[in-house]
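Got chain A sorted already, so can you dock chain G onto it with the hints?
If you read the protein sequences in the order shown, they are chains A and G. Here the first sequence is numbered in numbering that gives the first Met the number 0, starting from 0 and rising by one per residue. Here the second sequence is numbered in numbering that gives the first Met the number 0, starting from 0 and rising by one per residue.
One or more hints might be untrue.
List time: in silico DMTMM-like cross-link candidates among lysine to aspartate or glutamate, alpha-carbon distance up to 25 Å [unchecked claim]:
1) A:Lys317 / A:Asp61
2) G:Lys33 / A:Glu167
3) A:Lys343 / A:Glu304
4) A:Lys583 / G:Glu31
5) G:Lys33 / A:Glu304
6) A:Lys695 / A:Glu578
7) G:Lys33 / A:Glu382
8) A:Lys96 / G:Glu31
9) G:Lys33 / A:Asp504
10) G:Lys33 / A:Asp61
Hints in this document: simulated from the structure, not taken from any laboratory.
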Amino acid sequence: MPTIDTERNTIIISKPVVHKSTACYHCGTDCITDSIAIEEKVFCCEGCKLVYEILNDNGLCDYYKLQSHPGLTQIKPARADKFAYLDNEEIASKLYKFTDGNHTMVTLYIPGVHCASCMWLLEHMNKLAAGITESRLNFTSKEVTIRFKKDTITLRRIVELLTTIGYEPYISLDDATQSKTKNHNKQLIYKLGVAGFCFGNIMLMSFPEYLSLDKGIEYEYAFLFRILNVVLALPVFFYSASAFFSSAWAGLKQRILNIDAPIVLALIITFSRSIYEIATNTGSGYLDSMSGIVFFMLVGRVVQERAYKSISFHRDYKSYFPIAVNVVTKDGIISKNLQDLQEKDVVELHNDEIIPADAILVKGSARIDYSFVTGESEPVLVEAGKQVYAGGKQVGEKITIQVVKPVAASYLTSLWNHHSFAKNKAEKNNRESIIHVMSKYFTIVLFVLAATTAVYWWVNDPAKILPSVSAMLIVACPCALLLAATYTNGNLLRLLSNNGLYLRDATVIEQIGDATHIVFDKTGTLTQGSKQFHTTGHQLTETEKAWVYNTASHSKHPYSKALVKYLGAFPTLEIDKWEEHTGKGLYAAIGNNTVQIGSAAFTGVTAESDSNKPALYIRVNDKVTAFYVTTEFRQEVAQLIPQLHKRYGLSLLSGDNDRQREQLQTLFGQNSTLLFEQKPLHKLNYIKQLQDQGGKVLMVGDGLNDAGALQQSNVGITLADDINNFTPSCDAILDAGKFGKFPALLQLAYSGKYIIYFSFIISILYNIVGLSISMQGKMNPMIAAILMPVSTLSIVLITTGLGSLVAKKAGLSLKA
Amino acid sequence: MSALYLLILASIAVAAFFLIAFIWSVRSNQFEDKQGAAMRMLQDDEITIN
Chain A
0 MPTIDTERNT IIISKPVVHK STACYHCGTD CITDSIAIEE KVFCCEGCKL VYEILNDNGL
60 CDYYKLQSHP GLTQIKPARA DKFAYLDNEE IASKLYKFTD GNHTMVTLYI PGVHCASCMW
120 LLEHMNKLAA GITESRLNFT SKEVTIRFKK DTITLRRIVE LLTTIGYEPY ISLDDATQSK
180 TKNHNKQLIY KLGVAGFCFG NIMLMSFPEY LSLDKGIEYE YAFLFRILNV VLALPVFFYS
240 ASAFFSSAWA GLKQRILNID APIVLALIIT FSRSIYEIAT NTGSGYLDSM SGIVFFMLVG
300 RVVQERAYKS ISFHRDYKSY FPIAVNVVTK DGIISKNLQD LQEKDVVELH NDEIIPADAI
360 LVKGSARIDY SFVTGESEPV LVEAGKQVYA GGKQVGEKIT IQVVKPVAAS YLTSLWNHHS
420 FAKNKAEKNN RESIIHVMSK YFTIVLFVLA ATTAVYWWVN DPAKILPSVS AMLIVACPCA
480 LLLAATYTNG NLLRLLSNNG LYLRDATVIE QIGDATHIVF DKTGTLTQGS KQFHTTGHQL
540 TETEKAWVYN TASHSKHPYS KALVKYLGAF PTLEIDKWEE HTGKGLYAAI GNNTVQIGSA
600 AFTGVTAESD SNKPALYIRV NDKVTAFYVT TEFRQEVAQL IPQLHKRYGL SLLSGDNDRQ
660 REQLQTLFGQ NSTLLFEQKP LHKLNYIKQL QDQGGKVLMV GDGLNDAGAL QQSNVGITLA
720 DDINNFTPSC DAILDAGKFG KFPALLQLAY SGKYIIYFSF IISILYNIVG LSISMQGKMN
780 PMIAAILMPV STLSIVLITT GLGSLVAKKA GLSLKA
Chain G
0 MSALYLLILA SIAVAAFFLI AFIWSVRSNQ FEDKQGAAMR MLQDDEITIN
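Chain G with its partners taken away, still in its complex shape:
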């Protein structure tokens, strides 16, 4: 039955990964400008950073 231990750990790890991803996305201001992001993706060329 030790497979169960492994599965539980795996499930928590996956959930924790999503939590970290969520926190990272909030921290990097991805929810700051939802309107702008929607428009930006429709524009043809990407902005090139010199």
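The shape of chain A in the complex, shown without the other chains:
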């Protein structure tokens, strides 16, 4: 009976499967041959075998027991001197977290970490090399912290070791410039802990007095409990609530009455009145209510500020650029800090390395992939003497370039100096938030009511002015409004992330809800990374295919590679003559047959109309075949665009050429704007133009070339095939697999505002009840102590329930 191996979902389809294949013992990739093997263990490549040997020699084969095929495929070996720059102490020292000259600690980000085996191996680094004393992996953030002795092992050696065993660290310019501040969130947790402790104890101390009702408890105990309450309330008021004080003060300084201002006012009045009552022995105060509300508001904040540790929303070009480059000098090649790179420096670049600054190509055949910068997916051929731009990636052989502009002044990097990057979007969003507008009116109404009450009691019974007015201000604290907003947002953040949309912070929800216009990027956003091929004209026979295969397989041009991929595997034939005409095509003679592959002119074909241009022509003897490369749209797109068109204005900005204009225009509808061959700055300006016309723009993009537009837009959403991958700075990251749910996710964010409105109305009702009691001067601590948790709890329940209800109706899943 044949068994079906359900584990094997990592089959690489493009690779021809010649015979019944075995999964590589190390990485699980299908092996093309059984020849690379140790005993009965078969490997897909020498790299995987090497990793196994290293682990085996060091007795670390438990790695393979925790999970079958845990490794990462080693088919692409790293260049030997790739990390040579780490020998430069100046550069290496920027990565150190701590060093005393010998004992050193370094934290490296390892994108490849994915399972328990990874963790086990990375935490046993000390067995692989002498000098490493301890290694600890933070699985959530994929960061390994290694302690080592610098006199025994170098950082370069460690990084190379990691690379050899398949865990290549990602080291970028960002690591050298970033100063990590993660303490903010911890402060909030401490405040919450203290508030919780004090709140619980104050409640406990207040019970005897409440429950004794009219009889009154013995004086000495009442006094003790009250003193304890005051002592416990001090840290709540001065420490836990400090976040609200500073926020209110910051708002007032800018002459903005934000929601924290009336809350702080209520806190101050509650606290001072309670102290007064206890000091004069006229009552027990409202300290339990005060600390309770601080506690619940802090819980709301924590819920709302949930952070996704493995996702970063603040990446700029620094995360993409290397930390150092190889500079050619009179004394040979040296590693130089990227920041120290100057004009006229001559830099060597290897395959897959990024051009760090605008430069002139000096030597080598440059094939630059500008997809980071322009979104155009085809590499550009550059001749010596021509300019190459920062952000491009060299594909192919080693090239030498001479820098003409420093890193910060280069075309791509100068985008970050654009003024749209200077503003803090979160702060701006927050200032415009609906809850601050609502709380402003709320505060005004409250002051009018307070004044009316004061006037009324001044006429009837002046002694009651202070108690009733202060009670009013205490009861009418808009904390219910703040709670409604924070819990609604917190719940929506949770629901959205469960469905693949990760927001930078809660202010983004409201911005998504207000959006009127959606702008899409094409390459990588609407289209998938993978390409589709087809041919027209003469259908190649198997023999002809073998000739074409042998001709194209010697060329490194991306189209040749695409052709090889399309054809599949063929045996090697003897070629009598082979020529590559750069920029034109290939010529080969095999026996009496000739094969020409290349442009229309090169193969002698009359070119077809522009709208449907084949990538290249193949002429075998005198028969011509046209070969097309098309990018495929994500399958959800056809359904998604018309759905979004009902509510939003749509636009498309593409860095690519307009080959697919007609197809896209039909999809987007005639009234949508489609712009092609857009540079990053064009995209940014188009968004600005829409905003000047009063639109609120939501931009969906994917690469660095969209970074400017994402930043300028009201909401910038990055579509990522792997959310842990590198994404440009943005407001939200959408898991590309969940792209079909996009309209439903927008609908959920949109409903957020109405959920806040609704829960606000509920909280107003509580306020009216509370106010009517206090205006009559009948408010007592017992009623306040009951009203506060009841109103809070009901608001939490309502917001959570409504959010989940809307999500369910929109067809979203409630659980992760």
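Using the frame of chain A, we list chain G on its own:
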């Protein structure tokens, strides 16, 4: 009735102990990597620090 004083003090002391324990656990990064901790405890041998 002085027993009551003692009990109140004891109850606050216990609560304060838990507060300190909580702050200590946050400070020592015990909540930084919840996924990793769950995996680490299933692995057979503990990491030995040389």
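Now the hints, each set against the structure:
Taking the CA atoms of Lys317 (chain A) and Asp61 (chain A), the gap is near 38 Å; set against the 25 Å cutoff, the hint is violated. Between Lys33 (chain G) and Glu167 (chain A), the direct Cα distance comes to roughly 24 Å. Compliance with the 25 Å bound is thereby established for this hinted pair. As the CA atoms of Lys343 (chain A) and Glu304 (chain A) are separated by approximately 47 Å, the hinted pair breaks the 25 Å bound. Taking the CA atoms of Lys583 (chain A) and Glu31 (chain G), the gap is about 56 Å. The hint is violated against a cut of 25 Å.
A C-alpha spacing of about 18 Å is found between Lys33 (chain G) and Glu304 (chain A), which places the hinted pair at or below 25 Å, so the restraint holds. For a cut-off of 25 Å, the pair hint linking Lys695 (chain A) to Glu578 (chain A) is broken: about 55 Å separates their Cα positions. Using a Cα cut-off of 25 Å, the hinted pair Lys33 (chain G) and Glu382 (chain A) is violated, with the two alpha carbons roughly 52 Å apart. Taken as a hint, the Lys96 (chain A) and Glu31 (chain G) pair is honoured in the structure, with Cα atoms around 18 Å apart against an allowance of 25 Å.
The hinted pair formed by Lys33 (chain G) and Asp504 (chain A) meets the criterion: a straight-line CA distance of about 22 Å does not exceed 25 Å. In summary, the hint linking Lys33 (chain G) to Asp61 (chain A) is supported, as the alpha carbons are separated by about 23 Å, within the 25 Å threshold.
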